[in-house]
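Novice: Model the full structure from these sequences, guided by the hints.
Spelled out, the chains give:
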Amino acid sequence: MNVRSPGGAPTPGRRSPVRRDVRRTRELGEPPRRRRREQSLARARQAREASLLDLIDRLLDGGVVIHGDITLAVADVDLVYVGLRALVASVESVQPHLGTALEARPG
Amino acid sequence: MLYLYAITDPRSRLPAIAGLRGAEVRPVPIGGLSAAVSEHESIEVATDEDDLWAHEQVVEGLMADGPVLPMRLGSVLPDEASVLAAVGAREAELVETLARIEGAVELGVRAAIDPAAMEPEESDDARQELGPGAEYMHARLTRERRADEVAETIHRPLAELARESARRRHFGEDLVFNGAYLVDVGAVDRFRAEVEELDAAIGAASIVCTGPWPAYTFSSRREES
Amino acid sequence: MSSARAARSGGSRDRLLAGSGDAELFGDELDRLGRALRRRVNADPEGLEKGLAQLVLTLIELLRQLMERQALRRMQGGSLSDEEVERLGETFLLLEQRMDELKDQFGLEDEDLNLNLGPLGDLL
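Residue numbers (the numbering used here), protein chains in the order written: chain A, 1 to 107; chain B, 108 to 332; chain C, 333 to 456.
Careful: at least some of the hints might be erroneous.
Claimed, not checked - Computed beta-carbon distance windows for the label pairs:
#: 1; chain 1: B; residue 1: 210; chain 2: C; residue 2: 419; range: 50 to 60 Å
#: 2; chain 1: C; residue 1: 388; chain 2: A; residue 2: 42; range: 37 to 47 Å
#: 3; chain 1: C; residue 1: 419; chain 2: A; residue 2: 37; range: 53 to 63 Å
#: 4; chain 1: B; residue 1: 134; chain 2: A; residue 2: 31; range: 33 to 43 Å
#: 5; chain 1: B; residue 1: 186; chain 2: C; residue 2: 396; range: 43 to 53 Å
#: 6; chain 1: B; residue 1: 117; chain 2: A; residue 2: 36; range: 47 to 57 Å
#: 7; chain 1: A; residue 1: 65; chain 2: C; residue 2: 415; range: 44 to 54 Å
#: 8; chain 1: B; residue 1: 260; chain 2: C; residue 2: 388; range: 32 to 42 Å
#: 9; chain 1: A; residue 1: 41; chain 2: B; residue 2: 252; range: 37 to 47 Å
#: 10; chain 1: C; residue 1: 437; chain 2: B; residue 2: 210; range: 54 to 64 Å
#: 11; chain 1: B; residue 1: 223; chain 2: C; residue 2: 415; range: 26 to 36 Å
#: 12; chain 1: C; residue 1: 346; chain 2: A; residue 2: 32; range: 18 to 28 Å
#: 13; chain 1: C; residue 1: 433; chain 2: B; residue 2: 133; range: 53 to 63 Å
#: 14; chain 1: B; residue 1: 267; chain 2: C; residue 2: 346; range: 26 to 36 Å
As the list claims (entries may be wrong) - From the structure, some residues in chain B lie toward chain C, with a derived Cβ separation under 7 Å:
#: 15; residue: 236
#: 16; residue: 241
#: 17; residue: 285
#: 18; residue: 309
#: 19; residue: 311
#: 20; residue: 314
#: 21; residue: 316
#: 22; residue: 318
Said to hold, decoys possible - From the derived model, a few chain A residues whose C-beta atoms are all more than 12 Å from chain B:
#: 23; residue: 38
#: 24; residue: 46
#: 25; residue: 62
Hints in this document: simulated from the structure, not taken from any laboratory. Think of the CB as a built atom: it goes at the ideal place given N, C-alpha and C, for glycine as much as any other residue.
Specialist: Okay, here's the thing in structure tokens:
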């Protein structure tokens, strides 16, 4: 949702500031050992999720593509999205960027 | 049908790891290359965690013995003849790519950028008289520019530690950085340390690095621009 | 930590090498990941209508972002007058407002408009 500044114009960007440190609020009487264990479980889960995110990107968008049938479970509706994806990619390659482009270069 | 995992040097040994659906992984020689495949009556690969990691474990197992060009998930061909034809048609290119990535691994770097944490620009009195539309546009421009600066601060030192690098263009409201780096195996630790340093030093960004991955980003063919 | 780790294999699903891996940072992307991993079953008519609205609004959002980037680029290049900047900005603000209304109408969140493309990842 928009963050409205006092002047009435919405502040660009919908996200609240990134929180660098996410710590659970300490509950009264909670044993420190259990809290440490929960924190370390949370960190392990985050590590797996970050890994899975990067794995998905690579497996679905990278690697060698051999001309042939990609037999993923793609329903008919997904084909519309395939077209959209191609549209975005073609527009991006045509437009010069404010940000940066997908480019591979040495070093 | 044959499910393809990766293309390797023919001298590389196969990992003692089962492939998808517990099928045996075996090599198909194609000239100066070899394709690692498993055979199935029929196979439908779902985009679920288990299949993804099953594919990945096979590819990573192959990495132990030499350079590996990983296949995209879901590459299936009807038989060996078609594997020979498809891979054979690109043999020269694939041999070259294999040589290019030999001795290196791919590392992924992501960062979330918070423009609010950056130094505010000096207030410009003339700007107070801007209408809401212009105010919006100027604020957007500043935000994009700052994010670009932060992204560049992250990317430059990392690119210097890598053989090759690629940045994924992010298209949307979020300010995120997403880069892939082809790093010599011997330089991985230094790269990791650099990411930690950048993460600590740049207040406006939170950075993570994942890997080592097979060279997915650096094996895929780029469109000629 | 030795570089022999580069050749590690095994059943581990953890590839985090550096950084905090704070899930808050990539919360939205992880949500989208979750949706990408689940098969989408949209058999009921209500779901279909919502699915179409999702598609259409994502297209509009895509176009809006494209146009905005284009305008920002021209602004940066100095080829827009002050009045044009003001007019364009107002238009984008209005569009954003209209999008919010449409999203409310269809019960869609920002994250819903970042359509996952199944195996092909996210659109935006």
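Novice: Now, for every hint given, state plainly whether the structure supports it.
Specialist: Outcome of the hint check:
1. B:210 <-> C:419: 50 to 60 Å: 56 Å, holds
2. C:388 <-> A:42: 37 to 47 Å: 38 Å, holds
3. C:419 <-> A:37: 53 to 63 Å: 58 Å, holds
4. B:134 <-> A:31: 33 to 43 Å: Violated, since residue 134 of chain B and residue 31 of chain A (Cβ atoms, about 55 Å apart) do not stay within the stated range.
5. B:186 <-> C:396: 43 to 53 Å: Since residue 186 of chain B and residue 396 of chain C have Cβ atoms about 48 Å apart, the given range 43 to 53 Å holds.
6. B:117 <-> A:36: 47 to 57 Å: 50 Å, holds
7. A:65 <-> C:415: 44 to 54 Å: Given range 44 to 54 Å: holds, Cβ gap about 49 Å.
8. B:260 <-> C:388: 32 to 42 Å: 39 Å, holds
9. A:41 <-> B:252: 37 to 47 Å: For residue 252 of chain B against residue 41 of chain A, whose Cβ atoms are near 40 Å apart, the range 37 to 47 Å holds.
10. C:437 <-> B:210: 54 to 64 Å: 56 Å, holds
11. B:223 <-> C:415: 26 to 36 Å: Check passed, 30 Å falls within 26 to 36 Å.
12. C:346 <-> A:32: 18 to 28 Å: Holds - the Cβ-Cβ distance for residue 346 of chain C and residue 32 of chain A, about 25 Å, lies within 18 to 28 Å.
13. C:433 <-> B:133: 53 to 63 Å: With a Cβ separation near 58 Å, residue 433 of chain C and residue 133 of chain B satisfy 53 to 63 Å, so the hint holds.
14. B:267 <-> C:346: 26 to 36 Å: For residue 346 of chain C against residue 267 of chain B, whose Cβ atoms are near 27 Å apart, the range 26 to 36 Å holds.
15. 236: Because about 10 Å separates residue 236 of chain B from the closest Cβ in chain C, which is outside the 7 Å limit, the hint is violated.
16. 241: For residue 241 of chain B, the interface hint holds, since the closest Cβ of chain C sits about 4 Å away, which is under 7 Å.
17. 285: Violated. Min distance 9 Å.
18. 309: 12 Å, violated
19. 311: At about 12 Å, which exceeds the 7 Å cut-off, the nearest Cβ of chain C leaves the hint on residue 311 of chain B violated.
20. 314: At 5 Å from the nearest chain C Cβ, residue 314 of chain B passes the 7 Å test, so the hint holds.
21. 316: OK, holds: residue 316 of chain B within 7 Å of chain C, min 4 Å.
22. 318: 5 Å, holds
23. 38: 21 Å, holds
24. 46: 9 Å, violated
25. 62: 3 Å, violated
Hint violations for this structure: numbers 4, 15, 17, 18, 19, 24, 25, all remaining hints satisfied.
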